[in-house]
Amino acid sequence: MKHVVFGVMLVAVAALVWVLAFGFRESYDPQAVPSVLENKPAPPFALTKLDGGQVTLAELRGRPIVVNFWSSWCEPCKAEHRTLQAAAKMFADRAHFVGVVYQDTPELARSYLQGRGSAFPQLLDPDSRVAIDYGVAGVPESFFIDGDGVVRQKFVGPMSYDVIRQFLEPLLASAPRSTP
Amino acid sequence: MTSALFALSLAAVAAAPDAAPKAVVHDPVAEQIGRELRCPVCQGMPIGESPSEMAQAMMQRVREMHTEGKSKDEITDYFVQRYGEWVLLEPKHSGFSLLVWVLPPVALLAGLGIVIAYVRHSRTRRDEPTAPVAAATDDPYLQRVRKSLEEDV
Numbered sequence: 016m017k018h019v020v021f022g023v024m025l026v027a028v029a030a031l032v033w034v035l036a037f038g039f040r041e042s043y044d045p046q047a048v049p050s051v052l053e054n055k056p057a058p059p060f061a062l063t064k065l066d067g068g069q070v071t072l073a074e075l076r077g078r079p080i081v082v083n084f085w086s087s088w089c090e091p092c093k094a095e096h097r098t099l100q101a102a103a104k105m106f107a108d109r110a111h112f113v114g115v116v117y118q119d120t121p122e123l124a125r126s127y128l129q130g131r132g133s134a135f136p137q138l139l140d141p142d143s144r145v146a147i148d149y150g151v152a153g154v155p156e157s158f159f160i161d162g163d164g165v166v167r168q169k170f171v172g173p174m175s176y177d178v179i180r181q182f183l184e185p186l187l188a189s190a191p192r193s194t195p
Numbered sequence: 062m063t064s065a066l067f068a069l070s071l072a073a074v075a076a077a078p079d080a081a082p083k084a085v086v087h088d089p090v091a092e093q094i095g096r097e098l099r100c101p102v103c104q105g106m107p108i109g110e111s112p113s114e115m116a117q118a119m120m121q122r123v124r125e126m127h128t129e130g131k132s133k134d135e136i137t138d139y140f141v142q143r144y145g146e147w148v149l150l151e152p153k154h155s156g157f158s159l160l161v162w163v164l165p166p167v168a169l170l171a172g173l174g175i176v177i178a179y180v181r182h183s184r185t186r187r188d189e190p191t192a193p194v195a196a197a198t199d200d201p202y203l204q205r206v207r208k209s210l211e212e213d214v
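Chains A and B, in that order, give the protein sequences. Position 60 of the first sequence, counting from 1, maps to 75 under the working numbering, and the rest follow consecutively. Position 123 of the second sequence, counting from 1, maps to 184 under the working numbering, and the rest follow consecutively.
Pulled out of the complex, with its shape left as it was, chain B reads as follows (with noise of 0.2 Å):
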């Protein structure tokens, strides 16, 4: 079934000379371009690899303005100056984007703080002496349960 209709979509696109594709130029650094911005009409996918309209419409964008002569921060900044950073799969390393980064970093070096500081706290209570034994001798309670004990022995 799938694969009638895909025979089928086939055939249509080669009845229509219209909707035929156009002829894409390998072009690596709009490849890279295209692997960095997120396709908005998609879920979480980059338009390079998207089959979406939309996305195709963008990366025809991306190819022609690298044609044109336009650097990769040009591009990459005309689609965040129109979509916002959320277009951009790796966020920015600066600005509140930075948190992204220096976070998880800063949040391991802290839970491995609190695990350190943790062992060596139970460590120390371990080694600590108990209570000395012979302060209690004083107590006459004690003395006498001792003295008695002793006697039974």
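The following block holds chain A by itself, in its conformation from the complex (with noise of 0.2 Å):
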């Protein structure tokens, strides 16, 4: 009896000690959280960018999309520019890069940009919808999105070129042939 309740009793404490270790992790940490987007086909969108002119998910199908969430008064989102811009230079012929502004005014993402330039295109996103419709959290946010217009990946935070690079390379290579 007395081994039976110590048995019972050594269970329960350590159940509740790696409840109180990892089961609350994801629920002050709401970046922890897996995107349950992953493998599902992206949200579709119709965005105005930045300079004019209209983008959708739909036209940008056929070749691998990142979309990265950002904005003006996010200081991670500095040094990820540079990396995006980079990134985006590098597999021009062979990806899509866009730019999505979180919660942010088109004034402050403009000059936001012209000091630091933008190779891929900016779209603006009134009232959330788009970043609703993707479960953002905050900034920056990064979704791979396959040829065939599958969320492959989501990457929360600043992200190096090693990191778009080790994401992006597999969808290339399943990339369908006849991109546009």
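Simulated from the structure, these hints should not be mistaken for lab results. Honestly, I wouldn't trust all of these hints.
[Stated by the list, open to error] Pairs of lysine-lysine residues, derived as DSS-like cross-links and limited to a Cα-Cα distance of at most 25 Å, are as follows:
1) Lys153/B x Lys55/A
2) Lys55/A x Lys133/B
3) Lys55/A x Lys131/B
4) Lys169/A x Lys93/A
5) Lys169/A x Lys64/A
6) Lys93/A x Lys104/A
Remember, it's a predicted structure, so these values are computed and weren't measured experimentally.
Take the two lone chains, each set in its own frame, and fit them into one complex as the hints suggest.
Right, dumping it as structure tokens:
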């Protein structure tokens, strides 16, 4: 009897320690939550570019797409912007890069890009509709979408060039041959 | 200082017509949903109570969907499909989340069972007769000790 009671208490204490140590981590760090969109069709969008004109997800299909949510008030986005610029130039003929301005004004976004340049389209997302559609919980956040329009990877935080290459190259290999 | 900053921010909002808050129509269903969905940029706060822009954008989406005729479950599912079940402040009563509801009462009952069993066990031990003294009298040594004690008395 004593052994049974001791065993049950040991299991209960171990379970409690585990729950306290790991169980609440996701609840307090929204960015630690894995995206439920991975391996699901990317939510469609039709957004206006900062410099006019519209971009839809449908017209980008055929090549892998990197969708990057950023903001002018986001410090980590600044370092990431340089990396994205370089990557967009490096993969220019093989992948699409698009930036989505997250909770920012067009004026601030434009002035942010003025000094930094933009090698890929920057889209406005009024009312954060597309950010909500993609389950964005902060910036920077990036989504790697394959040529068939399926989300293959979500990355939270500023990306290094190696990270972009690591997630993008497998999508390039499997991209349909009839790319536009 | 705080009130000065607040007055300044109010003045800024008043001066910028684009930044004027949209009129919020009272919608009890949307407000109920707003209390059940977790704000993704806050720490454990419902979107209905968070002042963050993201939470307000989500609340706006909730209201729009409800106005479009979507049910409470449809709206909740829309957010779950994008943010996962993490977005629910109250876990679902099905699947793995069911454990959250079932385990605490089970653990309570198990604990109660252990306490009852322990108390009964201690009572049984206390009520058990002590070692039979009569049997000890068969020991010749004890018989001698007892006899000598009686003689001393």
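Violated constraints from the hint list, given by number and in increasing order: Nothing - there is no hint that the structure violates, so all of them hold.
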